[in-house]
Structure formats: structure tokens, C-alpha cells
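> Chains as they are written, first to last, in numbering that gives the first Met the number 0: chain A, 0 to 146; chain B, 0 to 533.
I should point out that these hints are in silico values taken from the structure, not numbers from a laboratory.
Careful: at least some of the hints might be erroneous.
Unchecked claim - Keeping only pairs whose Cα atoms sit at most 25 angstroms apart, straight-line, the calculated PhoX-like set for lysine-lysine is:
1. A:Lys33 / A:Lys63
2. A:Lys70 / A:Lys38
3. A:Lys29 / B:Lys337
4. A:Lys63 / A:Lys91
5. B:Lys476 / B:Lys516
6. A:Lys27 / B:Lys337
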Amino acid sequence: MTEYDDVEILLVEDNRQDAEMTMRALRKCKIANKVQWAKDGVEALNFIRCTGEFESRNKNSFPKVILLDLKMPRLDGLDVIRALKADEVTRKIPIVVMTSSNQERDVTESYRLGVNGYVTKPVQSAAFMEAVANIGMFWLFVNSTPV
Amino acid sequence: MVKTDHIVSHKNVRESSSSVAQSDLTVPDATTVPVIRPDLTPEETLAELLRVNAELERRLNEGFERDEIARDEAIEELARTNAELERRLAERTVERDDIARDEAVTELARTNAELKQRLAQRTIERDEIARDEAITELARTNAELKQRLAQRTEERDDVARDEALTELARTNAELKQRLAERTVERDDVARDEALTELARTNAELKQRLAERTAERDDVARDEALTELARTNAELKQRLAERTVERDDIARDEARAELARTNAELQQQLAKRTIERDDIAREKANVELLRTNMAEEQLHLHAAELEKLNAELESFSYSVSHDLRSPVRAIIGYTEAVKDDYGALLDEEGHRLLGVVHSEASRMGDLIDDLLAFSQLGRQSIVSVPIEMISLVEEVVTDQGLSTKRQASIFDIGELPDVRGDRALLRQVWTNLISNALKYSSKKSDPRIRIWAITEPTRVVYNIQDDGVGFDMAYADKLFGVFQRLHRNEDFAGTGVGLAIVQRIVQRHGGAIWAEAKLGEGATFSFALPTGAAA
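Between the sequences and the hints, there should be enough to build the whole structure, so can you do that?
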């Protein structure tokens, strides 16, 4: 049992401010302590696959949802989706894309790869807070996933 | 006619000269003998001729060899003249005057007959068979040569004609020699005189012909030709009868040749016409090519513009996109300060923080609007039939007014349906209706009227408010991005709304315009093509 094993939300976000605001919004819903922040796609895959700095993590424990940015250095969001959906074990983890982009081709490609939601981050803080809270609450407390 | 035939014909002349039957001869009727000298009777003429012949025979025997050359030259000249005249006669006859030639031929025949009669009379006493044979042969050879000469002359083969002339002269000389040999006893002087006279006449006529030809007096020349032909008939006196028959053949051949030449010329003309057409077509092609190049350049230009436009779209999109993050952070962190440290700030601190927050929010709105506007350029239009009245009512309801207030403000008339993108046209109505509400919001009892006018090819939708209006002097700025005619303190806004409206209308192939008066409200009108969206 490590500090990572009870992670319920994996936030994959290269922008520190967006990450902080997201966690601030989640904290307001009292679920911030169960959030793991990965700064890019490589770190996200290391966490899920228990490799690299996450080697010691319990291989049978997965987050209830992944909040995934698309534009990131090293490995971008679409590549992360491809990698996770290609693996029989990790493909059932729900993924919600949270990005600044609302380009049609990003939305289309994300859904084609099998994401469970796509959210364009609102600029206005009230709207942003509300969106994050809704996503967190839904996936953590409303949704059920196959065991 | 080929050279071989020519040679054969000469051979025939020599071989057959003594084998023609006597029955071929025509014994002349004494009454038809022409009078050479009007003062002498035929009998006297004959006697005179016989006498002169006898005398000449003697002299000829002496100077035969010397005279022969001169005579041959005369004969050759005559033959050339004959050939030339013959050629012209044939040309004219073939080309345009068959009847005239037939007449000439008849005349020739008549003259020939006359002369033949005289000759027959002169030669009747001795060696008639041989001479007639020679005459017949001469006629045949002459006819042949004449035909060939006419053909060659028509073909303008000068060399061949010269050869033919030389050959004719040679043959004539040969025949002449043989004839002279036979008549040497009694005919030399008269013949020489006749030849000289004939040569002189020919020269004269030739000169006259040349003069007339130079004057291009065709009629006179034709007359001269006829005259010349008649004179020449003396030389060719034995030729006529058979020539008449052979002339028909020659004429047919000449006609055939003429037809062939015509066909050739027509073909050449057609070829030239085709060539000229080709040139004309080539020119047209060049012109077309030039036009195409211009068009292509235009296309290239358009393509370049399109590319540039796409780049601009992409630039404005990515700028808007990348601007959102920091703005979101400013707003978010301002709020965090307010939440976490609000208690530490006095009233002025809260006011300053509030300005940061509201300005950042406005910036966020501007970016979102700009983003929406830039997306309009790329978004494809999904054209569907639209029930316009329900769309407008939907938008009016969305304005969040009470039913009572809504009814007191809006007066909506008949709105014809159109085809278009429902979501985009909803945006149009949303912006126009919210504008109308916004700019008439300072009135206690505002009125907004919405109606339409159906035109032959389009429907014009209008929305009129009785708000603050605007100065028409700035009407051109109305639809520009970030262009505003009012201060933000008076009426909040980003200045993108009407630009979006205009772009949507234009993408539907329509047009938008506005009329207003400061303080008296504004009317916005947009026209959409009937039954179709671009």
C-alpha cells in the first residue's frame, strides 16, 4: 500500500495554473486528496502502468477517471488515449478530455479513440469551477465501471 | 504524249510513205480551185505555176543545199509561231470558247480544203500517191504534236515545249525536204515565194498580236488569233480534215486535263483554306491560351488569397486559443485571492481586485467571441429548411424576460421560412435581438418590431428598436470586428456580435445592412436567398 493506491482522479495537465485551479475546484468538493497530478503523457502512462517513479504502485489499482489535457510536451493526450485503449487492462478506465481546444478534429478524434467525455475549459472562473466539480462528482460518485 | 510515240510516229512516216492506197486521195473539183491571182483563170494559174515550178526546179537544183538552211529556219519559225498560236487557240478554246474554236476549226478546214485542192491540182500530174501519203503522215504527226504541245503548254512546261517545237521543226523540215524533193521539178520558186510571204505575214501578224496583247485587248487578240489561224492554215493545209476528228479527242483530253487542273486548283484552294483556317484556329488557340493563363493566374491569386486567409484564420484561432489559458489563470487566481485572503483586504483592496477580475473576464469574453468568429470561417454550413417564426420565438424566450414584459416589447409579424444553417441563423437572431434589447434598455417602455418582406429571389428580415440608435456616419464600422459605436460604460459588449452576424449572413449568400438615427432607434435588415443557402 503506497500513497498512490487510493488515487481516484488522475489529472494529466502540463499547465501548472490550470492544474492548480482544477485541484482547487476539486478541493471545494472535498475530493482533492484523492487526485494525482501528472505533468505530461509519459508521467501519466508511468503512473497507470506502475513503471518509472511509480514502480512500487499497486498494479491492480486504477483511478476512477482520468482528466486529460491534449496539448502536452513529450507525449500528448491523444497518444495517451491510444496507449491506454490498446491495453486490455487499462482500456476500461474512463477518460474525460479537458482542454482549451474545441477544434472539431480534436473532439472527433478523441471520441473515435474511445474517450468518455470532452470538455472545453471555460475561461470564466465560475464556469470553470462548476465544470470541474460536475465532472469530479459524476465520475467519483455517480458512475459505475466494470470491475 | 511520250517521246517514244514521237519517235515511232516518225518511223511510221518513213515506212508508210509509199504504201497509202490511191483511193485515199481526193481529186479536186476544178470549179472550187481558188484563184491565186484574180486576173488569171485556174488554167492559167496552173500553167503559170507549172512554168514557175519548172524554172524553180532548175534553180533549186543549183541552190538547193544553200536554200535549205534558210527554208528550214523559216519553217522552224513558222512551226514555233504555229505552236504558239495553236497553244493560245487551244487555251482559249478549252477555257472559254469551244464554239469559237469549232468555228475556227471549220474555217481552217474550209481553207485547208481549198488549199489542198490547189495543192492537189499542182501535184496531180505526178507522184500524187506519195505526196498524199506524206501529207497524211504530216497531218497525223502534226495533230499528235499539236495535242502534245497543247498539253505541255497547258502544264507550262516550257522546256518540253521547246523540245517539241524543235522536234516539230525537224519533222517539218524532214517532210518538207521530202516534199521538196518530189516537187523539185516545178515548184521551188513558188514555194519559196509562198514561204517567204507566209513568213512575212506571220511576222506581221505576230507583231500585231504582240501589240494587241500588250494593250490587253482580248477581243482584238482573239480576232488576230483567228486571222493568224486562217493564215497558218496554208502551212497546215493537209492537216484539217483529220485534225477535225482528232481535235475532238484532243479537246476532250484538254477538257479532262482542264477538269483535272481545276480539281487540283480546288484542292490547293481547299488546302490553303484549311491552312488559313488552321492559322486562324491557331490564333484563336493562342488567344484562348492567353485567356486561360490569365484565368489561371487569377485562380492562383485566388488560391493564394485563400491560403493567406486560411493562415490568418489559423493564426487568429491559435492566438485566441493560447490567450485563454493565461486569462483563465488571472481570473481563477484573482478569485483565489478573494476567497483565501479577502479578509485581509480593505474596501479599496477589494475594489482594485474587482477591477482586475472584471477586466480579465471581459478579456475572456473578447477571446471567446473572437474564437467563435474565427471558427465561423471554417465551419461548414448545414442547410436545412427552417421554420423562421419558431426560431425567432425560441430566441425571444431565451432572453429571460417575463411573459408579460416579452409581450409588451415584441411585435412579431409574418416570417417566411427559408433554408439555412439553423444553429448559425439562431446566432444571428440571438445577437440582433439581444442588441435591440440592450440598446433600448434605457427606455421604460421599449418596443421591438420584427417582420419580413418577400422579394422575388430573397426574403428580407427586419428588426427595429426604438432605442438609442446610432449616427449613420459611422454605419460602415457597424459590422467590423471589435468596432463599437458606444462606450463600454454605456453599453457593455465586445464588438464582435454584429461581425459574427454579418459573416453568417454572408456565408448564406445573403446581405445585411442597418438604418438608424441617433436617439431614435435602429433597424437592422438581413436578406437571405430564397430556398437556398450558400
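> For Lys27 (chain A) and Lys337 (chain B), compute the direct alpha-carbon distance and say whether it is at most 25 angstroms.
This hinted pair holds, its Cα atoms lying about 15 angstroms apart.
> So if I understand the rule, the pair passes when the alpha-carbon distance is 25 angstroms or less; does Lys29 (chain A) with Lys337 (chain B) pass?
20 angstroms, holds
> Given the proposed pairing of Lys33 (chain A) with Lys63 (chain A), does the C-alpha separation stay at or below 25 angstroms?
Judged against 25 angstroms, a Cα distance of about 10 angstroms means the pair holds.
> Straight-line Cα separation of Lys63 (chain A) and Lys91 (chain A) no greater than 25 angstroms?
Roughly 10 angstroms separates the two Cα atoms, so the pair holds.
> CA of Lys476 (chain B) to CA of Lys516 (chain B), is that 25 angstroms or under?
OK: Lys476 (chain B) and Lys516 (chain B) at ~15 angstroms, within 25 angstroms.
> Does Lys38 (chain A) lie within 25 angstroms of Lys70 (chain A) when you go C-alpha to C-alpha?
Distance of about 11 angstroms is within 25 angstroms: holds.
Consistency note: the structure conflicts with none of the earlier hints.
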